[in-house]
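Under the UniProt record's numbering, the first residue of the sequence shown carries the number 1, and numbering increases by one thereafter.
To be clear, the hints were calculated from the coordinates, so they are not data collected in a lab.
Accuracy of the hints is not assured; some may be wrong.
[Claimed, not checked] Below 30 angstroms or equal to it, Euclidean Cα-Cα: the simulated BS3-like pairs (lysine-lysine) are:
id: 1; residue 1: K30; residue 2: K75
id: 2; residue 1: K137; residue 2: K248
id: 3; residue 1: K97; residue 2: K55
id: 4; residue 1: K371; residue 2: K248
id: 5; residue 1: K154; residue 2: K92
[What the hints assert, rightly or not] Quick list of the computed label-pair ranges, beta carbon to beta carbon:
id: 6; residue 1: D204; residue 2: T438; range: 33 to 41 angstroms
id: 7; residue 1: E57; residue 2: K384; range: 22 to 30 angstroms
id: 8; residue 1: M95; residue 2: N450; range: 42 to 50 angstroms
id: 9; residue 1: S304; residue 2: R56; range: 34 to 42 angstroms
id: 10; residue 1: S168; residue 2: N336; range: 30 to 38 angstroms
id: 11; residue 1: K378; residue 2: S168; range: 45 to 53 angstroms
Yeah, the Cβ is synthetic: ideal placement off N, Cα and C, and Gly gets one too.
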Amino acid sequence: MASLVRDVLLLIFTELNDLDSLHSCSLVNKNWCQVAVPLLWKSFSDTYENPYNYKRESRKKFYNVIAHFLPNNPKDLLPQNNILLPLNKFPKEPMFKYMDFLTSLSTVWIEDMAKLLINDEVGSKYKERILEFEIYKLIFNRCNNAKNFHWYTKKRLYRYPNAKIFFSKLRSLEISPRGITSKTLIKLGKICQNLTNLEIHMCDEDTPGLASFIKIQKKLQSLCLEFDEENDEVEEQYILLGNIIEKKAATLKKVIIQPIITLISPIFVLSLKNIQYLALSNEYGELYENVELCEWKRYLNMASFPDLQYLETTCLPSSITCLIIEKSGRNILEINIHSPLESESDNRKLIEVISIYCPKLIKLTVNVDYKNLGEMSKIFSSCKQLEKLFLTTNVNILPNGDELLRVMSEASPMVLQEFKFGDKWNFSLKGLESFFETWKSKNRPPIKFNHNWDELVYSWTDDHDKMVEKYMKV
1 MASLVRDVLL LIFTELNDLD SLHSCSLVNK NWCQVAVPLL WKSFSDTYEN
51 PYNYKRESRK KFYNVIAHFL PNNPKDLLPQ NNILLPLNKF PKEPMFKYMD
101 FLTSLSTVWI EDMAKLLIND EVGSKYKERI LEFEIYKLIF NRCNNAKNFH
151 WYTKKRLYRY PNAKIFFSKL RSLEISPRGI TSKTLIKLGK ICQNLTNLEI
201 HMCDEDTPGL ASFIKIQKKL QSLCLEFDEE NDEVEEQYIL LGNIIEKKAA
251 TLKKVIIQPI ITLISPIFVL SLKNIQYLAL SNEYGELYEN VELCEWKRYL
301 NMASFPDLQY LETTCLPSSI TCLIIEKSGR NILEINIHSP LESESDNRKL
351 IEVISIYCPK LIKLTVNVDY KNLGEMSKIF SSCKQLEKLF LTTNVNILPN
401 GDELLRVMSE ASPMVLQEFK FGDKWNFSLK GLESFFETWK SKNRPPIKFN
451 HNWDELVYSW TDDHDKMVEK YMKV
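Modelling step: build the complete structure from the supplied sequences, incorporating the hints.
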């Protein structure tokens, strides 16, 4: 096993999803180490967007390795200010050019690194600023393979040495207008123009700088726009943002707008000819059909999404979700509908629309009214590729939801392999046993049952778990 060729090892290690496994592989021998370490560090950089998810000691070890690459000659800035790093120096020079392995970087962990390594010494704030400056210099000079950057600082990073080359190579940028001024975005736009993905979080102002930065991107394919739900003062639509998104819409393949979609005009949907991924959330908007939502319905009725494959809606009228599905090209693979604003008749129509327009559907999350279980048979009959199903409901199902189990056992597609349900779906032990017996009698592959604890309703008991476990072992 240890003598496997590097290409085979790379294929195997790439499939590993946890850092512990990759670390264990790196300790087997030199050959394994040379394959595993670059992947391990790439994983570090991808998961360190929020370093505070990790223990303090783990973070210090990670930062200590990076500190080996900071300038450390007597005439350099750090030694001159009595900042002596790394804290734990390697006995030999590092085996790898670790900075080349970092593909995703965040200002959050850079600030965290400065605080941890300075360790609250006298004059620590001044030293932290010096160390941060040197870390940014190191990153902009040595991280040649960085493609993703998370910018959550007020520092004018575009002015740092080698920033022009660094930002010109970026493909993905995540920002918060709270931390970046309009002027900074205009300046950044002069050196950062080749993004394919842009994520804007906590947006609370319709600034010329943000609109200009979006406009100047030459290759933009993915846009996430998250408005600040705490900003109650905003009542009018963001005109500048709406206009520039309309101009960029034709090239966008992925669009996420949350948690108030009515803050921008929906006219841009008419140009989403190449959209593949669409997620719309109005969780913090008005929970009824107001003038703005009617405007969305009007434009959606004129739109077309022939390449749409993923659809997610949250706190929107089912009529809007139905329109999007009807305007798709019957290529949708996944639908996730959360907390819909609907009546029993709306729910019936939604299920019917899915059954008609989504023959390729693989994964579905949908709210189902108990009175519309018969409509679920239509989905099972039409969506022959459905593998994963998550059902929620607005009311407690009493006395039980055994009828749903019966419909599933008799009509669901042969490829269905996972069923997830919310607390309000109450199944009797007898109904559950009957379902598994029927499922087994048809020689169907085992189905994974997932109970989602989303309500203070404890109808699913340990006996239910034992019943599922019993049939999973067969």
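Each hint tested on the structure:
{"no.": "1", "hint": "K30 x K75", "verdict": "36 angstroms, violated"}
{"no.": "2", "hint": "K137 x K248", "verdict": "33 angstroms, violated"}
{"no.": "3", "hint": "K97 x K55", "verdict": "25 angstroms, holds"}
{"no.": "4", "hint": "K371 x K248", "verdict": "43 angstroms, violated"}
{"no.": "5", "hint": "K154 x K92", "verdict": "37 angstroms, violated"}
{"no.": "6", "hint": "D204 x T438: 33 to 41 angstroms", "verdict": "54 angstroms, violated"}
{"no.": "7", "hint": "E57 x K384: 22 to 30 angstroms", "verdict": "52 angstroms, violated"}
{"no.": "8", "hint": "M95 x N450: 42 to 50 angstroms", "verdict": "43 angstroms, holds"}
{"no.": "9", "hint": "S304 x R56: 34 to 42 angstroms", "verdict": "52 angstroms, violated"}
{"no.": "10", "hint": "S168 x N336: 30 to 38 angstroms", "verdict": "36 angstroms, holds"}
{"no.": "11", "hint": "K378 x S168: 45 to 53 angstroms", "verdict": "52 angstroms, holds"}
The structure is inconsistent with the numbered hints 1, 2, 4, 5, 6, 7, 9, although it conforms to all the rest.
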